[in-house]
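Engineer: In case you want the letters, here they are:
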Amino acid sequence: MDIEQVRKVANLARLDLPDTDLAELARQLTAIIGYMDQLKELKTDDVEPLAHPLPVQNVFRPDEPGPCLPVDEALRNAPARSGDFFAVPAVLDSE
Amino acid sequence: MSLTDTTAAELVVLQARGDATAEVITDAFLAAIRDRDPKVRVFLRVDETAARERARAVDAKRKRGEPLGPLVGVPVAIKDVLCTKWVPTTCGSRMLENFVPPYDAHVIERLTAADAILIGKTNMDEFAMGSSTENSAFFPTRNPWDLERIPGGSSGGSAAAVAAGEAPLALGTDTGGSIRQPAGLCGVVGLKPTYGRVSRYGLVAFASSLDQIGPFARNVTDCALLLETIAGHDLRDSTSVKQPVPGYTRTVNDPVKPLTIGVAREYFGSGLDAEVESAIRAALREYEKLGATVKEVSLPHSKYAIATYYLVATAEASSNLARYDGMHYGHRAKPKPGEKLDLIATYSRTRAEGLGKEVKRRVMLGTYALSSGYKDAYYVKALKVRRLIKTDFDRAFADCDVIMGPTSPTAAFKLGEKTADPLAMYLSDIYTISANLAGIAGMSIPCGFTKGGLPIGLQIQAPPFEEEKLLRVARMYERATDWHTRRPNFV
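Protein chains in written order, with this note's numbering: chain B, 1 to 95; chain E, 1 to 491.
Hints may be right or wrong, so weigh each one.
[Claimed, not checked] Derived pair list, reagent style DSS-like, types lysine-lysine, alpha-carbon separation capped at 25 Å:
1) K295/E x K390/E
2) K303/E x K40/B
3) K242/E x K469/E
4) K8/B x K295/E
5) K384/E x K43/B
For the record, the hints were derived by calculation from the structure and aren't laboratory data.
Use the sequences and the hints to build the structure in full.
Structural biologist: Structural data, given as structure tokens:
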């Protein structure tokens, strides 16, 4: 992986990293992915992917309202609060 | 014998006989923590007042003649990845340094209902990503057997707590060996239940198809007692399985006869330390003396397990950790004076500031493995090999009851020894990660020491939902040996 590829992935992952970190990551990820490449030795064309160890099925429950967190409790960890809401930077540019 | 050297089961009996109270027991462990923890550094948080109040409440319950739970008055240390209501839960991360969950994890509710005493929150690798507890954003924990060495990870705090006698029991989590490896390196018993055996409700997610909560204890019976308390179905975790929980403590002393032990030749290859290997071989001979048949089995895809695991786990982590964006809870980056940070820039700087190096590395790796153009070559490929690994176990278990081998290729390594080389650190998980990929149960029990006095762990793996057999097999060995009774010198 070169530094430009790493920069692209960092952007996808929403990580604002300085160039020195990107360069270190390029070196480390190249080594790690090089190791992962041994999986290519295996022929797996006829193998079904296994995403989960259990035969997972949908689990249903009755659609009944239960107790909810009171507003103050829900907002207790908010980095910023505005009245009964989470305060966040503007999502749409107002200018 | 001091109270801090007493097993959980014995602590329950002492109270029933009137020879101790929950308060006296709790005070003894709090004193041990004050004395030993400045050296071992297990705990991120201990609330002495809350623990004592809780102990008094349990004692009052006994005085009133009310029914008491199976862990009455027994202190339990909790890995700081499990949500405790209004008690800080940091996951060893700056991101959650000030996070106080508004609810208890399912296992915490179970402990409370069992009248246990929550004694404190233990240190861990950040977001459970690591094998040495050196990735904690706060400080590294030390191995009680040698304070210059790591306790293993990611549940290193919980393992060290039990080894140092700072708690008789502890909860950890195991995504790729994070209970078994530190248990092995600290000379205690640790068990990773079958995927789905214990509810993950209130466990901060790392890799959701691999994570499982499990017990640490000083012996197999205590381990059975804690597992019995936390296992079972919970509607709030849709992967929690509706299967009855056997009374593990009732049967733990029944030997398994006949017993066929599978030994995978792949677990004895290069990289395995000679002293570790000879301890494992000796343990297998002990089992033969107890009447077991030892048989070679093959897990041909074992050599691909690390590559598979670090693709699957990081892909899931990159998705799970996307929630740490600084909007609803946790750290949020602040704009510099005069600067305007838009939403995306706030996300990206928040994550860069709040997440540590190893977590960033794994999020990057997982994001890459899932990204357009690479997903089939890495993520989907890993899922296919995951099936091959699971099939290996299905075939092997057709010929044996359990599979045994080393928990780790070496005894505890020195602090700082592997931090510069992430891949070398990943390779130390070689024997434990397959169990998570396959979803089976696994356990580590003490089986000897190196010449340098470091504990060695024997790993026992069992088919899904056969924890009862696993515990019985472990107990057979424990009854015949005394490794589990040794204590580190400084204690």
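Engineer: Need the list of violated hint numbers for this structure, in ascending order.
Structural biologist: As far as the earlier hints go, only 4 is violated by this structure.
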